[in-house]
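Input sequences plus hints: build the corresponding full structure.
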Amino acid sequence: MKIKARLGNQECPKKYWAKTTEVEEPDDLPQDLIDEVIGVWGGIKTGRAKNIEVKKRMIELYNTIYGTNYSKGTNCGSCLDTCYNGIKKFYEKYK
Numbered sequence: 001m002k003i004k005a006r007l008g009n010q011e012c013p014k015k016y017w018a019k020t021t022e023v024e025e026p027d028d029l030p031q032d033l034i035d036e037v038i039g040v041w042g043g044i045k046t047g048r049a050k051n052i053e054v055k056k057r058m059i060e061l062y063n064t065i066y067g068t069n070y071s072k073g074t075n076c077g078s079c080l081d082t083c084y085n086g087i088k089k090f091y092e093k094y095k
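Reading the sequence shown from the start, the letters are residues 1 to 95 in the working numbering.
Any given hint could turn out to be false.
Cβ pair distances, simulated, as ranges [to be verified]:
{"no.": "1", "residue 1": "SER71", "residue 2": "LEU33", "range": "12 to 22 angstroms"}
{"no.": "2", "residue 1": "PRO13", "residue 2": "ASP35", "range": "30 to 40 angstroms"}
{"no.": "3", "residue 1": "ARG48", "residue 2": "GLU25", "range": "33 to 43 angstroms"}
{"no.": "4", "residue 1": "LYS15", "residue 2": "ASP35", "range": "15 to 25 angstroms"}
{"no.": "5", "residue 1": "ALA18", "residue 2": "LYS56", "range": "13 to 23 angstroms"}
{"no.": "6", "residue 1": "LYS56", "residue 2": "ILE34", "range": "15 to 25 angstroms"}
{"no.": "7", "residue 1": "LYS72", "residue 2": "GLU25", "range": "17 to 27 angstroms"}
{"no.": "8", "residue 1": "GLY77", "residue 2": "GLU25", "range": "16 to 26 angstroms"}
{"no.": "9", "residue 1": "LYS95", "residue 2": "LYS15", "range": "29 to 39 angstroms"}
{"no.": "10", "residue 1": "ILE34", "residue 2": "PRO13", "range": "27 to 37 angstroms"}
{"no.": "11", "residue 1": "ARG48", "residue 2": "GLU92", "range": "10 to 20 angstroms"}
When the alpha-carbon atoms are kept at most 16 angstroms apart in a straight line, the in silico EDC-like pairs for lysine to aspartate or glutamate are as follows [stated by the list, open to error]:
{"no.": "12", "residue 1": "LYS88", "residue 2": "ASP35"}
{"no.": "13", "residue 1": "LYS56", "residue 2": "ASP81"}
{"no.": "14", "residue 1": "LYS88", "residue 2": "GLU25"}
{"no.": "15", "residue 1": "LYS95", "residue 2": "ASP32"}
{"no.": "16", "residue 1": "LYS50", "residue 2": "ASP28"}
{"no.": "17", "residue 1": "LYS89", "residue 2": "ASP28"}
{"no.": "18", "residue 1": "LYS93", "residue 2": "ASP35"}
{"no.": "19", "residue 1": "LYS93", "residue 2": "GLU25"}
{"no.": "20", "residue 1": "LYS88", "residue 2": "GLU36"}
If you're looking for bench data, these hints aren't it; they were derived computationally from the structure.
Backbone N, C-alpha and C fix where the C-beta goes; we use that ideal spot for every residue, glycine too.
As structure tokens, this is what we get:
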């Protein structure tokens with residue numbers, strides 16, 4: 001399943017994610033999104049969201065930055081790992 005989750009042309013059989021052709025990473029973020037990345041990082045920096053609200057906020061922020069459509073209610077480890085690493089990349093860039 002971990003391999004399938006990383007293939008953009010595959011979809012989750014439980015509908016946690018849909019097929020995508022590619023995810024584009026922006027070069028820069030507007031200041032409001034930078035502030036949001038820094039704010040959400042405090043709740044996810046251990047690799048595990050402090051609570052469900054922080055998890056949903058992380059997923060929503062990832063979707064906004066990368067133009068994806070992950071479900072805010074997902075518990076898919078691969079999906080959450082992708083969101084975490086995407087936020088981490090920008091946190092390290094703008095901290």
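Cross-check of the supplied hints:
1. SER71 - LEU33: 12 to 22 angstroms: Hint holds: Cβ distance 21 angstroms, inside 12 to 22 angstroms.
2. PRO13 - ASP35: 30 to 40 angstroms: holds, 37 angstroms
3. ARG48 - GLU25: 33 to 43 angstroms: With Cβ atoms ~24 angstroms apart, the hint is violated.
4. LYS15 - ASP35: 15 to 25 angstroms: violated, 32 angstroms
5. ALA18 - LYS56: 13 to 23 angstroms: With Cβ atoms ~18 angstroms apart, the hint holds.
6. LYS56 - ILE34: 15 to 25 angstroms: holds, 20 angstroms
7. LYS72 - GLU25: 17 to 27 angstroms: holds, 21 angstroms
8. GLY77 - GLU25: 16 to 26 angstroms: 21 angstroms Cβ-Cβ, so the 16 to 26 angstroms window holds.
9. LYS95 - LYS15: 29 to 39 angstroms: holds, 35 angstroms
10. ILE34 - PRO13: 27 to 37 angstroms: holds, 36 angstroms
11. ARG48 - GLU92: 10 to 20 angstroms: Since the Cβ atoms of ARG48 and GLU92 sit about 18 angstroms apart, the hinted range of 10 to 20 angstroms holds.
12. LYS88 - ASP35: holds, 13 angstroms
13. LYS56 - ASP81: holds, 13 angstroms
14. LYS88 - GLU25: Roughly 13 angstroms between the alpha carbons, so the hint for LYS88 and GLU25 holds.
15. LYS95 - ASP32: holds, 14 angstroms
16. LYS50 - ASP28: violated, 27 angstroms
17. LYS89 - ASP28: The given pair, whose Cα atoms are some 12 angstroms apart, holds under the 16 angstroms limit.
18. LYS93 - ASP35: OK: LYS93 and ASP35 at ~12 angstroms, within 16 angstroms.
19. LYS93 - GLU25: holds, 13 angstroms
20. LYS88 - GLU36: Holds, because 12 angstroms separates the two Cα atoms, which is no more than 16 angstroms.
When each numbered hint is compared with the structure, violations occur for hints 3, 4, 16.
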